[in-house]
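> Chains as they are written, first to last, in my numbering: chain F, 87 to 370; chain A, -2 to 278; chain P, 149 to 367.
These are computed hints drawn from the structure, not numbers from a lab. A virtual CB, placed ideally from N, CA and C, is assigned to each residue, including glycine. A portion of the hints provided could be inaccurate.
[Claimed, not checked] Using 25 Å as the maximum straight-line C-alpha spacing, the simulated BS3-like pairs for lysine-lysine come out as follows: (1) A:56 with P:287; (2) P:278 with A:259; (3) A:259 with P:232; (4) P:232 with A:222; (5) A:259 with P:300.
[As the list claims (entries may be wrong)] Where chain A lies over chain P, by a calculated footprint (3+ residues, C-beta under 8 Å): (6) 151 to 163; (7) 210 to 217.
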Amino acid sequence: MNAKPFKWRNFKSSAVSVLCFLCAIMVITPLALVLIHIIRLGASSVDWNFLTHLPKPVGETGGGMANAIVGSFILVGLAVLIGVPIGVLGGVYLSEYGSDRLNWSVRFAADILNGTPSIVWGIVVYALVVVPMKSFSAWAGGLALGFMMIPMVIRTTEEMLALVPGGLREGALALGIPKWKSIVYIVLKTGGKGIITGVLLACARVAGETAPLLFTAFGNRFWSFNLSEPIAALPRQIYDYALAPYDDWHRQAWAGALVLILIALAINIGVRILTRGSSPPASR
Amino acid sequence: MTNESQISAAQPKAATVAPDAGAKRPPEPLAITFDVQRLSVWFGAHQALDDVSMQVRPKAVTAIIGPSGCGKSTFLRTLNRMHDLVPGARVEGRIALFGEDLYARNIDPTQVRRRVGMVFQKSNPFPTMSVAENVTVGLKLNGIKKRAVLQERLEETLRMAALWDEVKDRLHANALSLSGGQQQRLCIARALAIEPEVLLMDEPASALDPLATAKIEELILELKKQFTIVIVTHNMQQAARISDVTAFFYLGKLIEFDHTHKIFTNPAIKQTEDYVTGRFG
Amino acid sequence: MQKYFDDELTSFKEKLLTMGSYAESAVSQAVQALTDRNDKLAQQVQENDDIMDQYEIEIDDMAINLLAKAPLASDLRLITVAMKISQNLERVGDEATTISRRAMELNQEPALKAYIDIPRMAGLAIALLKEALDAFVNKQPDKARAVVPRDKEVDAINRQLYHELAGYMAENPAAVNRCLNLMTVSKSLERVADHATNIAEEVVYLCEARDIRHEAHKL
Chain F
87 MNAKPFKWRN
97 FKSSAVSVLC
107 FLCAIMVITP
117 LALVLIHIIR
127 LGASSVDWNF
137 LTHLPKPVGE
147 TGGGMANAIV
157 GSFILVGLAV
167 LIGVPIGVLG
177 GVYLSEYGSD
187 RLNWSVRFAA
197 DILNGTPSIV
207 WGIVVYALVV
217 VPMKSFSAWA
227 GGLALGFMMI
237 PMVIRTTEEM
247 LALVPGGLRE
257 GALALGIPKW
267 KSIVYIVLKT
277 GGKGIITGVL
287 LACARVAGET
297 APLLFTAFGN
307 RFWSFNLSEP
317 IAALPRQIYD
327 YALAPYDDWH
337 RQAWAGALVL
347 ILIALAINIG
357 VRILTRGSSP
367 PASR
Chain A
-2 MTNESQISAA
8 QPKAATVAPD
18 AGAKRPPEPL
28 AITFDVQRLS
38 VWFGAHQALD
48 DVSMQVRPKA
58 VTAIIGPSGC
68 GKSTFLRTLN
78 RMHDLVPGAR
88 VEGRIALFGE
98 DLYARNIDPT
108 QVRRRVGMVF
118 QKSNPFPTMS
128 VAENVTVGLK
138 LNGIKKRAVL
148 QERLEETLRM
158 AALWDEVKDR
168 LHANALSLSG
178 GQQQRLCIAR
188 ALAIEPEVLL
198 MDEPASALDP
208 LATAKIEELI
218 LELKKQFTIV
228 IVTHNMQQAA
238 RISDVTAFFY
248 LGKLIEFDHT
258 HKIFTNPAIK
268 QTEDYVTGRF
278 G
Chain P
149 MQKYFDDELT
159 SFKEKLLTMG
169 SYAESAVSQA
179 VQALTDRNDK
189 LAQQVQENDD
199 IMDQYEIEID
209 DMAINLLAKA
219 PLASDLRLIT
229 VAMKISQNLE
239 RVGDEATTIS
249 RRAMELNQEP
259 ALKAYIDIPR
269 MAGLAIALLK
279 EALDAFVNKQ
289 PDKARAVVPR
299 DKEVDAINRQ
309 LYHELAGYMA
319 ENPAAVNRCL
329 NLMTVSKSLE
339 RVADHATNIA
349 EEVVYLCEAR
359 DIRHEAHKL
């Protein structure tokens, strides 16, 4: 056996491995840099004060983003109420009942909507809800985020259900139970984890959206639990503070960004724990 | 072609199987489980079964053999209307279950499947449920919720499936923690729990090792005292071991249907002989 | 685990053993018909041969059915050996029929002399048959091996009787018929012993998977 070609092949193999490693580093680096930067700038400002107080008027130090954090949760909650039933049931229909043509059209529409700039959703809901209501509101914000969630959840639900082996459906039907029961009690139960994963990922995505909230929830510097009134949201608050000329607000913006990233991180880690040992969740 | 004349000559005889020659008593009028008359089945434009007629007797094992693509599984699935689930499925002819037409307009396929259970080639226990839950799920989803009844049926069917002794200490363990052979017997228990009249088995042991296969075969021999069993199998020795009558299918047609010992020792039709001796094609 | 197949094998073996006991009693009854000059008994033996024939057919049929199930190892040997044993037993039955026919012919003429050698031969042959079948039931290859050389004893008696009768025939032409019949009976009994030996050889094959047929010729 010739030693020379062997060494050359070995070298080529190692060279490509190194190249791949460098590419991986290139992907992780920006993420790491952003995280480090935000932590550096925001960590000092995230304290109990920040998490529990309302924004103070300009000039006064202190104050926090408590209402924005709560507001984000409320908005995401509304989005879930609107987006999840439609999304999951739509996904179930596509997976279990749909015809080839219908499925193709719905998937195509969902993919396009998934790629729509989120501000478009904001403008649509503005026209449909804010104008007739003559006011910004949490409902409108939740609706916008909910509409954003629907195509995401439909796709992930459909893909998760596609992972459920056909043999299970056959086995269920062979027991003489009607199709809807086999779907609810067997198929959904089996794909449940994956569907919840998809919903959580969609939540993480919409929680960080600012643009749709600009014309719908609008933002609020005070506590607001009346869903017909404007409501604060974390991304929106960060946006406002970041654009303002005040240093203190800049500091708080960094803190808000850190909190937002930590929430998103928590959801993603939660998803990983949930799906430990099972099939990986579908990517968007 | 001599084949054609052989087939047409054999067909009237092959349609029903006369009681064994040498029986001392005159044949009893046995209830017929399935009376299949001129069954033809299509998947869209493709014809899977052509003019099949046969009678399946109760408390016996009927084996269906034939090369791949001959329509065995399709035939099995028409017996419990699972074939309906395939898009583009069309059925002509008549199948009667204990005298009732299975494909009549007013018949609910779900009801048919309650009476005619099925076990599949690859065992499919429900992965999110325990052993006990798997067995009783059919009962629960069919409306039987009383705990005492469920508990009783659980033990009864696990005993029937020769699985009770092996799993009685881990009834609440996840079903996937059982071995392959045990999972298949679990699926059999699950099918038996809803008290079907017929058990259809589509190559139930083909994915199992010889020991597990032997257990399944013993189980079938035990079950046939109570149920009508129709089994599709690739393994001819298995068909010889456990079945009473055997049907040989080829390209969608029923070629020969007779007592098992005749099919495997002296088949009437050359195609059957070729297939059974492995000299096909 | 193999409960059903084992049950079938058990009833298969029992059928064979029943046939064996029919064979033994056929030979002993045939010889008794001769020594007791009992025509009725002789007739009985001939009728019972049908039963033996039927058994051979049934055993072969059962064997084919069992073989279709693809048994292996000792099960496979059992079935093939049983088929051969049933064949040998059927021939024993035929020999018993022959003896009984000769007995009926002999009974029409006065007895030549007291029958001593023939009953002795019969006793030996039946004993060999019995031991071969016992070895089959109890799976005792050594017992079966012991049967094979003793066939020579029966051969010896047959040869001796042959010479005696040949000599007697030469001096008493009136007794030719009776002598020839007796020679036939003796030959039949010698064949019964041969069949017993065959069965014993099959039993050795069953137990040890070793074929000891035809080895005696090498000695």
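> Each hint: holds or not?
For each hint, the structure was consulted:
no., hint, verdict
1, A:56 with P:287, "37 Å, violated"
2, P:278 with A:259, "36 Å, violated"
3, A:259 with P:232, "23 Å, holds"
4, P:232 with A:222, "34 Å, violated"
5, A:259 with P:300, "45 Å, violated"
6, 151 to 163, "holds (count 3)"
7, 210 to 217, "holds (count 4)"
Of the numbered hints stated above, those contradicted by the structure are hints 1, 2, 4 and 5, listed in ascending order.
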